[in-house]
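Based on the hints, put chains L, F, R and C in the right spot on chain G.
Quick mapping for you: the protein sequence lines, in order, are chains G, L, F, R and C. The working numbering applies: residue 1 is where the first sequence begins, and numbers increase by one. The working numbering applies: residue 1 is where the second sequence begins, and numbers increase by one. The working numbering applies: residue 1 is where the third sequence begins, and numbers increase by one. The working numbering applies: residue 1 is where the fourth sequence begins, and numbers increase by one. The working numbering applies: residue 1 is where the fifth sequence begins, and numbers increase by one.
FYI, nobody ran anything at the bench for these hints, they're computed from the structure. Since we're looking at a predicted model, the values are computed, not measured. A virtual CB, placed ideally from N, CA and C, is assigned to each residue, including glycine. Do not rely on the hints blindly, as some may be mistaken.
Which stretches of chain R does chain G cover? Using the computed rule of at least three CB atoms under 8 Å from a CB of chain G, they are [to be verified]: (1) 3-16; (2) 19-27; (3) 36-44; (4) 51-65; (5) 72-80.
Using C-beta positions, here's what the derived DEER-type ranges look like [said to hold, decoys possible]: (6) Ile37(C) with Trp11(F): 15 to 23 Å; (7) Trp11(G) with Gln20(F): 49 to 57 Å; (8) Thr13(L) with Trp11(F): 24 to 32 Å; (9) Asn33(F) with Ser35(R): 32 to 40 Å; (10) Trp11(L) with Gly52(C): 42 to 50 Å; (11) Asp86(C) with Gly48(G): 50 to 58 Å; (12) Ser35(R) with Ala67(C): 31 to 39 Å; (13) Ser35(F) with Ser35(C): 32 to 40 Å; (14) Trp11(F) with Ala67(G): 40 to 48 Å; (15) Thr13(F) with Lys14(G): 48 to 56 Å; (16) Asp38(L) with Asp17(G): 39 to 47 Å.
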Amino acid sequence: MQIGTVIGNVWATKKEDDLQGLKFLIVQPELPNGSAIDSAYVAVDRIGAGVGDKVMVTRGSSSANFAKEHSLPIDALIIGIIDSIDIAVEQR
Amino acid sequence: MQIGTVIGNVWATKKEDDLQGLKFLIVQPELPNGSAIDSAYVAVDRIGAGVGDKVMVTRGSSSANFAKEHSLPIDALIIGIIDSIDIAVEQR
Amino acid sequence: MQIGTVIGNVWATKKEDDLQGLKFLIVQPELPNGSAIDSAYVAVDRIGAGVGDKVMVTRGSSSANFAKEHSLPIDALIIGIIDSIDIAVEQR
Amino acid sequence: MQIGTVIGNVWATKKEDDLQGLKFLIVQPELPNGSAIDSAYVAVDRIGAGVGDKVMVTRGSSSANFAKEHSLPIDALIIGIIDSIDIAVEQR
Amino acid sequence: MQIGTVIGNVWATKKEDDLQGLKFLIVQPELPNGSAIDSAYVAVDRIGAGVGDKVMVTRGSSSANFAKEHSLPIDALIIGIIDSIDIAVEQR
Numbered sequence: 001m002q003i004g005t006v007i008g009n010v011w012a013t014k015k016e017d018d019l020q021g022l023k024f025l026i027v028q029p030e031l032p033n034g035s036a037i038d039s040a041y042v043a044v045d046r047i048g049a050g051v052g053d054k055v056m057v058t059r060g061s062s063s064a065n066f067a068k069e070h071s072l073p074i075d076a077l078i079i080g081i082i083d084s085i086d087i088a089v090e091q092r
Numbered sequence: 001m002q003i004g005t006v007i008g009n010v011w012a013t014k015k016e017d018d019l020q021g022l023k024f025l026i027v028q029p030e031l032p033n034g035s036a037i038d039s040a041y042v043a044v045d046r047i048g049a050g051v052g053d054k055v056m057v058t059r060g061s062s063s064a065n066f067a068k069e070h071s072l073p074i075d076a077l078i079i080g081i082i083d084s085i086d087i088a089v090e091q092r
Numbered sequence: 001m002q003i004g005t006v007i008g009n010v011w012a013t014k015k016e017d018d019l020q021g022l023k024f025l026i027v028q029p030e031l032p033n034g035s036a037i038d039s040a041y042v043a044v045d046r047i048g049a050g051v052g053d054k055v056m057v058t059r060g061s062s063s064a065n066f067a068k069e070h071s072l073p074i075d076a077l078i079i080g081i082i083d084s085i086d087i088a089v090e091q092r
Numbered sequence: 001m002q003i004g005t006v007i008g009n010v011w012a013t014k015k016e017d018d019l020q021g022l023k024f025l026i027v028q029p030e031l032p033n034g035s036a037i038d039s040a041y042v043a044v045d046r047i048g049a050g051v052g053d054k055v056m057v058t059r060g061s062s063s064a065n066f067a068k069e070h071s072l073p074i075d076a077l078i079i080g081i082i083d084s085i086d087i088a089v090e091q092r
Numbered sequence: 001m002q003i004g005t006v007i008g009n010v011w012a013t014k015k016e017d018d019l020q021g022l023k024f025l026i027v028q029p030e031l032p033n034g035s036a037i038d039s040a041y042v043a044v045d046r047i048g049a050g051v052g053d054k055v056m057v058t059r060g061s062s063s064a065n066f067a068k069e070h071s072l073p074i075d076a077l078i079i080g081i082i083d084s085i086d087i088a089v090e091q092r
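In isolation and in its complexed conformation, chain G is listed as follows (with noise of 0.2 Å):
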């Protein structure tokens, strides 16, 4: 999973039907120590994240794995509020 902040939301009205109702929030990808890193792009949050918020985001096909009785098409998904991270070891 990758660790970022949540620094925005997306609003769109036209959408694949299965996806009525997610809430998109942009996510700008982070080392553990909070530097950024790639590009941000969209996930869905389910978990009551906003903006400011660190997190943690899975990513590929299996950011769909929630939906018990029909994986939806969706690529990125908010699965954790970050609490705290504690590295041990001198991060390169």
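Frame of chain G, contents of chains L, F, R and C only:
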């Protein structure tokens, strides 16, 4: 999901049988602020997107999750036409 | 899906049993304007593509979605031979 | 699978329900010779790995393949604690 | 699929239960012309590949598609030992 803008169309008469009738668009991926990133690619559209639209794209195998009976061999699907993006924290 | 051009063939007598009889081609990925990007790789072809053809390739696990009874261990499939590409907005 | 070293822990009280009880570790990916590459990320551990261990990590949706009844929304799993690596050809 | 050369072995006594008995090799990915690209990684081998062999590797979740009853948590599988590569167009 990746943010991007539809910049063109692709036509392919000869293709895998399961893909007949699908619409293929070219998407230029972008940061939330509209800067182009990475390489343009082909995505399937089922929601009526057209050239110039800012869209959200699901990439990878979950892009095929709309076909309930049998998954198709595609790896990118336009899942929403973006109305607006709200960046609350300065984008890095 | 990625745009690319077929540039060669690969032969492998010894392979996973399920893959006997498949045709393996080498594809050079490209931007819509034909510039080469990234590294050439091997894709399965079932639609009669050949050297010099401009093709669309599905990458990742959904490339195995043509096998309805049992998915094969492949990660790239040529899904269409491109007739034409129309870029409406200046490509970035 | 990617080779890496466990460098820390992540705690997240608020998370997707299915993920309660899982252990999340931070892994720094490496080349076989131990040089760090790419960005550190979070992986699930079920085999007792700890800080300083050299591990093999499966990334992407197959990392969820341990859950036979229902796949979880995770994208990285520590699948082995490495005893030794033997490079026979000079590593490039 | 990616082309590469087997350059070594990895041993891990402690691993996910489902993976006992599998052989893990280190593969250096290459262009069709043999130039090394990207980072070496670990792949499962079931077809008898060994150090020095030029191979095709399936990466990502479809690498687990050989296990018909239950998918394993692996993300790279050697699917063929390459006999020859024929590049018809000058490789870019």
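Hints and how they fare:
{"no.": "1", "hint": "3-16", "in the structure": "holds (count 11)"}
{"no.": "2", "hint": "19-27", "in the structure": "holds (count 3)"}
{"no.": "3", "hint": "36-44", "in the structure": "holds (count 6)"}
{"no.": "4", "hint": "51-65", "in the structure": "holds (count 6)"}
{"no.": "5", "hint": "72-80", "in the structure": "holds (count 5)"}
{"no.": "6", "hint": "Ile37(C) with Trp11(F): 15 to 23 Å", "in the structure": "21 Å, holds"}
{"no.": "7", "hint": "Trp11(G) with Gln20(F): 49 to 57 Å", "in the structure": "50 Å, holds"}
{"no.": "8", "hint": "Thr13(L) with Trp11(F): 24 to 32 Å", "in the structure": "29 Å, holds"}
{"no.": "9", "hint": "Asn33(F) with Ser35(R): 32 to 40 Å", "in the structure": "36 Å, holds"}
{"no.": "10", "hint": "Trp11(L) with Gly52(C): 42 to 50 Å", "in the structure": "45 Å, holds"}
{"no.": "11", "hint": "Asp86(C) with Gly48(G): 50 to 58 Å", "in the structure": "56 Å, holds"}
{"no.": "12", "hint": "Ser35(R) with Ala67(C): 31 to 39 Å", "in the structure": "33 Å, holds"}
{"no.": "13", "hint": "Ser35(F) with Ser35(C): 32 to 40 Å", "in the structure": "19 Å, violated"}
{"no.": "14", "hint": "Trp11(F) with Ala67(G): 40 to 48 Å", "in the structure": "42 Å, holds"}
{"no.": "15", "hint": "Thr13(F) with Lys14(G): 48 to 56 Å", "in the structure": "51 Å, holds"}
{"no.": "16", "hint": "Asp38(L) with Asp17(G): 39 to 47 Å", "in the structure": "28 Å, violated"}
Violated hints, listed in ascending order, are 13 and 16; each of the other numbered hints is respected by the structure.
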